[in-house]
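Given the coordinates of chain X, work out where chain P should sit on it, guided by the hints.
Given next are the chains, with one letter for each unit.
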Amino acid sequence: MTDQPTILIIDDELQIRRLLEITLSANSFNVVASSTGKKGLVDAATHHPVLIILDLGLPDIDGQEMLKDLRRWYSRPIIILSVRDSEDEIIRALDNGANDYLTKPFRGGELLARIRAAIRLNENRNDLPIAEFGSITLDMVNHSVYKNGELLKLTSTEYSLLCLFVKNRGRVLTHQYILKEVWGYGYLQQTQYLRVFVAQLRKKIEENPSKPTLLTTESGIGYRFVD
Amino acid sequence: MPLAKTESYHLVSFILLFVVSFIATMFKLGPVLLASSVSALAWNYYFIPPHYTFHIAQTDDILIFGLFFIIALLNGILTTRIRRQEQLVREREARTNDLLQLTKLLARAGHSSEITDVAISQISQRFGITPQIYIQDGNNNLVLSETITPDISEIVQLTFRNQQCTGAGTSYQSHSNHKAFPLTGASINTGVLVVSHVLSESNFDQNPLWDAFLVQIANALERDFLSRIAQKASFLDESARLYRTLFNSISHEFRIPVATIMGASDTLLNETHNGEIRLELYNEINTASRRLNRLIGNLLNMSRLESGFLSVRRDWHDINDLINKVTNELEEELKYFNIIILVADDMPLVKIDFGLMEQVLYNLIINASQHTADNSEIELLVSHNIGEMIITINDNGSGFPPEGLEHVFDKFYRINDSKPGGLGLGLSIAKGFVEAHGGKIHLENRKEGGACFTIWIPTEDPYIEQLQTT
Chain X
4 MTDQPTILII DDELQIRRLL EITLSANSFN VVASSTGKKG LVDAATHHPV LIILDLGLPD
64 IDGQEMLKDL RRWYSRPIII LSVRDSEDEI IRALDNGAND YLTKPFRGGE LLARIRAAIR
124 LNENRNDLPI AEFGSITLDM VNHSVYKNGE LLKLTSTEYS LLCLFVKNRG RVLTHQYILK
184 EVWGYGYLQQ TQYLRVFVAQ LRKKIEENPS KPTLLTTESG IGYRFVD
Chain P
475 MPLAKTESYH LVSFILLFVV SFIATMFKLG PVLLASSVSA LAWNYYFIPP HYTFHIAQTD
535 DILIFGLFFI IALLNGILTT RIRRQEQLVR EREARTNDLL QLTKLLARAG HSSEITDVAI
595 SQISQRFGIT PQIYIQDGNN NLVLSETITP DISEIVQLTF RNQQCTGAGT SYQSHSNHKA
655 FPLTGASINT GVLVVSHVLS ESNFDQNPLW DAFLVQIANA LERDFLSRIA QKASFLDESA
715 RLYRTLFNSI SHEFRIPVAT IMGASDTLLN ETHNGEIRLE LYNEINTASR RLNRLIGNLL
775 NMSRLESGFL SVRRDWHDIN DLINKVTNEL EEELKYFNII ILVADDMPLV KIDFGLMEQV
835 LYNLIINASQ HTADNSEIEL LVSHNIGEMI ITINDNGSGF PPEGLEHVFD KFYRINDSKP
895 GGLGLGLSIA KGFVEAHGGK IHLENRKEGG ACFTIWIPTE DPYIEQLQTT
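Residue numbers (this note's numbering), protein chains in the order written: chain X, 4 to 230; chain P, 475 to 944.
Just to be clear, a hint being listed does not mean it is correct.
Capping the alpha-carbon separation at 16 Å, the derived lysine to aspartate or glutamate pairs in EDC-like fashion look like this [as the list claims (entries may be wrong)]:
(1) X/K206 with P/D820
(2) X/K42 with X/D65
(3) X/K150 with X/E210
(4) X/K107 with X/D88
(5) X/K42 with X/D72
(6) X/K206 with P/D819
(7) P/K825 with P/E877
(8) X/K214 with P/E805
(9) P/K885 with P/E780
(10) P/K578 with P/D591
(11) X/K150 with X/E209
(12) X/K214 with P/E780
Across the chosen pairs, the derived CB separations fall in these ranges [stated by the list, open to error]:
(13) X/T106 with P/A910: 20 to 28 Å
(14) P/P936 with X/K150: 22 to 30 Å
(15) P/L855 with X/Q192: 28 to 36 Å
(16) P/H916 with X/E16: 19 to 27 Å
These aren't lab readings, by the way, just hints derived from the structure by calculation. C-beta: ideal position from N, C-alpha, C; glycine also.
Here chain X stands alone, though its shape is the one from the complex (with noise of 0.2 Å):
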């Protein structure tokens, strides 16, 4: 075995797994390829990959239960990869433990970026208390944030909400996760506080708001922070 981080793909598709076992030996990881989920099972329990990936329809085990299985012992990320796109499919998935959602077709360079991002989110588990990204900077222990080295001033509600995406960061967070978090269980319906609040906050840490590149929104899901 090398020393190469592996990665399993759990994919029906012969196409896909190719093209994704290139991608990945030529982005120095060790890939492993199962065509079935009876087999991924196998392989995710055999060869202890640091990141799964995951096809939804597969053809012997539906795949947000395959999810669910896999969920019970294994922590590490799995990015879901998949055909279904609809926001229905892509928030069950999340909710079921997927780190990340793809759609197919999907461009090789995000698949990678995804995965690094994952990978890194799953090491550094121990937060730093000090995280810095672009012209932001946030101090977690003295609760404050600033921008090019000026103080921000943030109420108490987009701070929290920073400091979840922050510890996040790189992954998507489904609208509810983020009211739950921030505001409380009473809260899931009002999406409409989320979407005040987040534009509240790019206002104040995004260069341009109208673009945001740091705080960037998913269609129908929920945001993810960049890394």
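Frame of chain X, contents of chain P only:
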């Protein structure tokens, strides 16, 4: 008897004649004859001397008596005859009126079920019977209701098959107490009218109006049948045309990007080129695959619309997010265009289906980019009014040809000179999705040149004032 005593018994004869004439206006011939005989005899008995006998003393009295009898008789007969004729005329008029009424109502009835309703109510009004009407389904099969009894069903089927009046009082199935009549139009056997439980003494079908009624009903049903056949034919024609267009445009539109991908990848495989050419070829493959992906997306969206199961899931959204998403996705396509985005400062949150509206904007902007020259300006304006959001997309191209304005939202409609790269579905999808939101989309050519699409989307007022809360 005071009059009997007078000598002017001739006067009495005139009074009696008057009475007889009067009776003739009211009664039939028999009573009139009786009245004229009785009055003549009574006159003789009571008034002609010698009184209280039937004997007549004077010869001129005999003559007058004879004349009186004849005049009374003639008077009675003639009056009755005039009356009978008048009654015939009146009956004929009533018949004509009934027929006219039926014709008028049948002409007004649109669908065959309306026609049968009218027919049944008119027949029961005119003939006092309530028939049932069974019509065929268009394939020469009678549609029978589930509640029909077996004996009626049998007689109805027989009538339909034989095109002969069947049942009580006819030569077929005469033991039955139902009677069925075929409703035969000029060329189509439209169905059967059946009268159940016919009383032996009723002779509704002897009425000359009966046949006229049946003919009218059959004609009305036939008219409906023919129009439905014509409609079906034009529908089939239309879907055949759609299929042809679909396959033509799919094979054409798909072949171009596939050809690009095959050609470029083949070159990359077999020849060694310098880095710059390779990069260009990779770019071509990338562009072609994006185009293919867009075509597939449009086909999928169209089938979503066509399926009729499009669900609009509205939630609150920041319109800036929507615009951002679309312009980011179209970055490549908009490279050579100058896109100007203006969103009203006080724009509130809007309750829309993000995915659907994303597709609407995407398609409209792509459309603008396909119909204008490079370096053109595409303007995207968003504002709001009470209860609605207004999105305007302007370009400074050459606009749409006037004859095309009303067709641009049709499926597979393409302006002849439009750049290749579309199925002609984009705008009809945009329209479908806007309408799924309960909104409207409108296209006009701008006075200063170029096209202007305007979209109105009804939306609720958010309960949070736009971005003022802290």
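Query raised in the report: Keeping to a limit of 16 Å between CA atoms, is the pair of X/K107 and X/D88 held or broken?
Result: holds, 8 Å
Query raised in the report: Keeping to a limit of 16 Å between CA atoms, is the pair of X/K206 and P/D819 held or broken?
Result: holds, 13 Å
Query raised in the report: Does the structure keep P/K825 and P/E877 at a Cα separation of 16 Å or less?
Result: violated, 35 Å
Report task. Just tell me: holds or violated, for the beta carbon distance of P/L855 and X/Q192 against 28 to 36 Å? Result -> About 31 Å separates the Cβ atoms of P/L855 and X/Q192, which means 28 to 36 Å holds.
Report task. Could you grab the alpha-carbon distance between X/K214 and P/E805 and see if it respects the 16 Å cut-off? Result -> holds, 13 Å
Query raised in the report: If you draw a straight line from the CA of P/K578 to the CA of P/D591, is it 16 Å or shorter?
Result: holds, 14 Å
Query raised in the report: If you draw a straight line from the CA of X/K206 to the CA of P/D820, is it 16 Å or shorter?
Result: holds, 15 Å
Query - Proposed proximity, X/E209 with X/K150 (alpha carbon, max 16 Å) - result: Measuring from Cα to Cα gives roughly 9 Å; hence the hint holds.
Query - Satisfaction of the hinted span 20 to 28 Å by the C-beta atoms belonging to X/T106 and P/A910 - result: holds, 22 Å
Query raised in the report: Would the pair X/K150 and X/E210 pass a check requiring their Cα atoms to be no farther apart than 16 Å?
Result: holds, 10 Å
Query raised in the report: Given the proposed pairing of X/K42 with X/D65, does the C-alpha separation stay at or below 16 Å?
Result: holds, 14 Å
Query raised in the report: P/K885 and P/E780: Cα distance at most 16 Å?
Result: Status holds; Cα separation ~11 Å.
The structure shown violates the earlier hints numbered 7, 12 and 16.
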